[in-house]
Structure formats: structure tokens, C-alpha cells
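Undergrad: These protein sequence lines are chains C and U, in that order. Just so we're aligned, residue 1 is where the first sequence starts under our numbering, counting upward by one. Just so we're aligned, residue 1 is where the second sequence starts under our numbering, counting upward by one.
Simulated from the structure, these hints should not be mistaken for laboratory data. Fair warning: this is a prediction, and the values are worked out from it, not measured in the lab. Heads up, some of the hints might be wrong.
Below, a list of computed lysine to aspartate or glutamate pairs in the EDC-like style, where the Cα atoms sit at most 20 Å apart [to be verified]: (1) U/56 - U/45; (2) C/66 - C/22; (3) C/42 - U/7; (4) C/20 - C/65; (5) U/70 - U/5; (6) C/41 - U/45; (7) U/42 - C/88; (8) C/41 - U/7; (9) U/99 - C/99; (10) C/42 - U/3; (11) U/70 - U/7; (12) U/56 - C/99; (13) C/41 - U/83; (14) U/99 - C/52; (15) U/42 - C/99; (16) U/42 - C/22; (17) C/42 - C/88; (18) U/99 - U/45; (19) C/14 - C/88; (20) C/20 - C/52; (21) C/41 - C/87; (22) C/41 - U/5; (23) U/67 - U/5; (24) U/56 - U/78; (25) U/99 - C/59; (26) C/42 - U/45; (27) C/66 - C/87; (28) U/99 - C/63; (29) C/42 - U/5; (30) U/2 - C/59.
Each chain, letter by letter, is given below.
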Amino acid sequence: GAVVSQHPSRVICKSGTSVKIECRSLDFQATTMFWYRQFPKKSLMLMATSNEGSKATYEQGVEKDKFLINHASLTLSTLTVTSAHPEDSSFYICSAGHEQFFGPGTRLTVL
Amino acid sequence: QKEVEQDPGPLSVPEGAIVSLNCTYSNSAFQYFMWYRQYSRKGPELLMYTYSSGNKEDGRFTAQVDKSSKYISLFIRDSQPSDSATYLCAFGIIQGAQKLVFGQGTRLTINP
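Isolated chain U (complex conformation) (with noise of 0.2 Å):
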């Protein structure tokens, strides 16, 4: 079983839509999670992190936690073509070497 699965997509949705992305993990040890994400060509941009299970939300963005589930959300409410991206989950443990593990990635394109 692998540490984190997330669904490649591609995801293709129309604009004002909302849009959920999910990844599953498998390693009890993460602490904390996180979602970033990636235009193409250039570095991933951290868009939300927490350490609890519930929600937390940033604007147009909600990110769900359920650690007895292992299972961690991203929704999106009103979609924007400048949504259009690659969305990274990622996992980490606080002690240590601090190491992320990351998702696949789902590539999401926003229909105008």
C-alpha cells in the first residue's frame, strides 16, 4: 500500500464549480498536513496547512481533515480559470528530518 494516494486526474470542471480533491494516507505518524499547488513550470506555492482534523478555510478555499479516516480534502467554491493548476498533497512529521511526503498531484483545469 502506498504512503499516499491521490488521484492524477486530469480533472476537468466548468467555471463557478466547486471542486473537491482528496488524498488518502496510510502512515499514522503524519502530524501535519498540507495542500500546494503548482502552475506548470514553476514551484509549488503552499496554499493551506493544519494540524488538526476539521475544517479550516482561506478564502475560496476549505481544507478537511479526517485522521481517523486518513483521509484529507481540499474544496474549492467558486472556481476560477486561474485555478487551473496541479494540486499537491503533502504529509509530515514534526520531529525528525521533517520530510514532506507528497501526493501524486491531480492536474485541475478550470472551463471558462
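One chain only, chain C, in its complex shape (with noise of 0.2 Å):
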């Protein structure tokens, strides 16, 4: 199957700190991209979509100037995690292509 990457794969930060978290296609290219977050032992919550050359579209709920969304290519999605706060702190798993393949997710801790 294709192959889908997050950089970082953990990250730890102090509350107000912004985050930014990559997600790239590795060997294809992706029109839409999806962010998830995924909290202990819990199902995966999508937050938003991610089109190329345009704007993310929003889960309901979804802060849209909390959680930045930028597509920027065919192979990358950037989810910025802005003033972040304890309560952000979850797994954050991001898939591309049209039967979703999935990155290895980022597991996010703000202090």
C-alpha cells in the first residue's frame, strides 16, 4: 500500500507554544488529505480536510483558528496546533488517498 509520513512523531511542549505537525505522501500524490485526533482507547474523531490550493473544510467543533490547516502540495499537510494548552494533548493521526492510508500518527503533550 502507500506509504504515509508525520513528522514529529512526538512532541512535547510548554502551554501557549504553537506546534506544527507534517504529514506527507511519500509515493503519491494527494488532493485531499484528512486530520484525526484519537484520544486513549477512543475511535478517530475527524477534525477537518485538507484540499490542496485551498481552504480546510472544519468538523463541526473544530476551532479553525486553533487547528491551522495548509496544503501546500500535491504531497503535504501541515496542522498547526496554535497556543496550545493541556487539554490538546492527544494522538494526532493525519491519512491521504482515496482508501485513506494512514501516517503513523504524532502524539502530542503540552505541559
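Reassemble the complex: the two chains are provided individually, in unrelated frames, and hints are given to aid placement.
TA: If you want it as C-alpha cells, here you go:
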């Protein structure tokens, strides 16, 4: 199957700082990528759909100004968690492709 | 009624057993059906996908879809300890935003 990478795999930051997470499709192009959040022992919660060259589509209840998404190329989407707080600590996962191949996830811990 | 229902388990079976994992759904618009496996602290891995009713086999895994009953299953034959993971069903519509709707996931443990 297709390969999707994420960077970093793990990040610990102080409250109030911003964190950028990258999602890359390594061997295919993706006009659409998806960002999910997952709490321990819970299913995936779709946060937003990232569209190459246009604005992201956010799910209801997800703050656009808090979770900034940029899809600048057909192989890269970034999620920036702005002014992170402890409640933003979670596992963030991206996916790409029609069959939605997932990245390995990024574990964010906000102190 | 939830759009997708999946028993969260946990499900524990002995090595070598046949495992049956199931999901029901209510949205008739779903056109493709998928199963993902997720190990702890990892991203989900696509196991099976199908677009039609019936069975699809891949090695020890068989995906079964019954559109008339809105019911899908994943069978694992000759289960191994390495199959211990959370299994998520997912449903999608080909047109539009191509968003997937996920089940809650079933935690499976295969005991040696």
C-alpha cells in the first residue's frame, strides 16, 4: 500500500506555544488529506479535510483558528496547533488517498 | 441511532481460534467498506476494503458485506498473538468529500 509519513512522531511542549505537525504522502499525490484526533481507547475523530490549494473544511466543533491547516502541495499537509493547552494533548493522525492510508501518528503532550 | 455500531470489546480468544468482528450501519449511502487494524500508539493500517456485498478473502482475513442487512464482518482464521490489536470498521461514500465514518473499534487479544 501507499506510504504516509508524519513528523514529528512525538512532541512535548509548554502551554501557550504552537506546534506544527507535517503529513507527507511519500509515493503518491494527494489532493485531499484528512486530520484526525484520537483519545486513549477511543476511535478516530475527524477534525478537518485538507484540500490542496484551497481552504480546509473543518468538522463541527473544531476551532479553525486553533488548528491551522495548510495543504501547500500534493504531497504535504501541515496541522499547526496554536497556543496549545494541556487539553490539546492527544494523538493526531493524518490520512491520504482514496483508501485513506494513515500516517503513524503524532503524540502531542502539552505541559 | 448511531450511524455505525461496533462492539468495543474487549475480545479475548486463544491462539488458533477463528475470530469474528462485526459492525452494523444505518446509512444506505455508504458505498465502500473497510477494515483497519491499529496497534497501540500507531496509526491505523488498512487491512481490507470492498465495494460490494459478498466475501473478499486475503490470506487469513475474510471481509464479508451484507448490504441488505447493513452488516459487515471481518473473520480472522488461525489467529496469532500478533493479531492482537484494535480493529476498526470504516464506511465511505465515493462522491463528495470522501470522508470515512469509523466504528468505535474492537480491542482483540489473542492468547498464546
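Undergrad: Each of the hints needs a verdict: does it hold here or not?
TA: Cross-check of the supplied hints:
1. Our distance criterion of 20 Å between C-alpha atoms is met by residue 56 of chain U and residue 45 of chain U, whose separation comes to about 17 Å.
2. Using a Cα cut-off of 20 Å, the hinted pair residue 66 of chain C and residue 22 of chain C holds, with the two alpha carbons roughly 16 Å apart.
3. Only pairs whose Cα atoms come within 20 Å are accepted, and residue 42 of chain C paired with residue 7 of chain U is accepted, the gap being roughly 12 Å.
4. A hinted pair counts as satisfied when its Cα atoms are at most 20 Å apart, and residue 20 of chain C with residue 65 of chain C qualifies at roughly 14 Å.
5. For the hint pairing residue 70 of chain U with residue 5 of chain U, the CA-to-CA distance comes to about 11 Å; that is within 20 Å, so the pair holds.
6. The straight-line distance between the Cα atoms of residue 41 of chain C and residue 45 of chain U is roughly 16 Å, inside the 20 Å bound, and the hint therefore holds.
7. For the proposed pair residue 42 of chain U and residue 88 of chain C, the alpha carbon gap of about 18 Å is at most 20 Å, so the pair holds.
8. Using a Cα cut-off of 20 Å, the hinted pair residue 41 of chain C and residue 7 of chain U holds, with the two alpha carbons roughly 13 Å apart.
9. For the hint linking residue 99 of chain U to residue 99 of chain C, the alpha-carbon distance of about 10 Å falls within 20 Å, and the restraint holds.
10. A distance of roughly 16 Å separates the Cα atoms of residue 42 of chain C and residue 3 of chain U; the hinted pair therefore holds under the 20 Å criterion.
11. About 15 Å separates the Cα atoms of residue 70 of chain U and residue 7 of chain U, which keeps this hinted pair within 20 Å; it holds.
12. Under the criterion of a C-alpha separation no larger than 20 Å, the hint pairing residue 56 of chain U with residue 99 of chain C is consistent with the structure, at around 16 Å.
13. For the given pair, residue 41 of chain C sits about 17 Å from residue 83 of chain U by alpha-carbon distance, which is consistent with the 20 Å threshold.
14. With a C-alpha separation of about 16 Å, the suggested pair residue 99 of chain U and residue 52 of chain C falls inside the 20 Å cut-off, and the hint holds.
15. With a CA separation close to 18 Å, the supplied pair residue 42 of chain U and residue 99 of chain C stays within the 20 Å bound.
16. For the hint linking residue 42 of chain U to residue 22 of chain C, the alpha-carbon distance of about 16 Å falls within 20 Å, and the restraint holds.
17. Between the alpha carbons of residue 42 of chain C and residue 88 of chain C the distance comes to roughly 15 Å, so the proposed pair stays at or under 20 Å and holds.
18. Only pairs whose Cα atoms come within 20 Å are accepted, and residue 99 of chain U paired with residue 45 of chain U is accepted, the gap being roughly 17 Å.
19. At roughly 11 Å between alpha-carbon atoms, residue 14 of chain C and residue 88 of chain C fall within 20 Å of each other, so this suggested pair holds.
20. Straight-line distance between C-alpha atoms of residue 20 of chain C and residue 52 of chain C comes to about 17 Å, which keeps the hinted pair within the 20 Å bound.
21. The straight-line distance between the Cα atoms of residue 41 of chain C and residue 87 of chain C is roughly 16 Å, inside the 20 Å bound, and the hint therefore holds.
22. Note on residue 41 of chain C and residue 5 of chain U: the hinted pairing holds, with a Cα-Cα distance of about 16 Å set against a maximum of 20 Å.
23. Between residue 67 of chain U and residue 5 of chain U, the direct Cα distance comes to roughly 15 Å. Compliance with the 20 Å bound is thereby established for this hinted pair.
24. With a C-alpha separation of about 17 Å, the suggested pairing of residue 56 of chain U with residue 78 of chain U holds against the 20 Å cut-off.
25. A threshold of 20 Å between alpha carbons decides the hint, and for residue 99 of chain U with residue 59 of chain C the separation of about 11 Å falls inside it, so the pair holds.
26. Proximity of residue 42 of chain C to residue 45 of chain U is assessed by CA-CA distance (about 16 Å); at most 20 Å being required, the pair is judged to hold.
27. A C-alpha spacing of about 12 Å is found between residue 66 of chain C and residue 87 of chain C, which places the hinted pair at or below 20 Å, so the restraint holds.
28. Taken as a hint, the residue 99 of chain U and residue 63 of chain C pair is honoured in the structure, with Cα atoms around 19 Å apart against an allowance of 20 Å.
29. With a C-alpha separation of about 14 Å, the suggested pair residue 42 of chain C and residue 5 of chain U falls inside the 20 Å cut-off, and the hint holds.
30. Pair hint residue 2 of chain U plus residue 59 of chain C holds up; C-alpha atoms about 17 Å apart against a cutoff of 20 Å.
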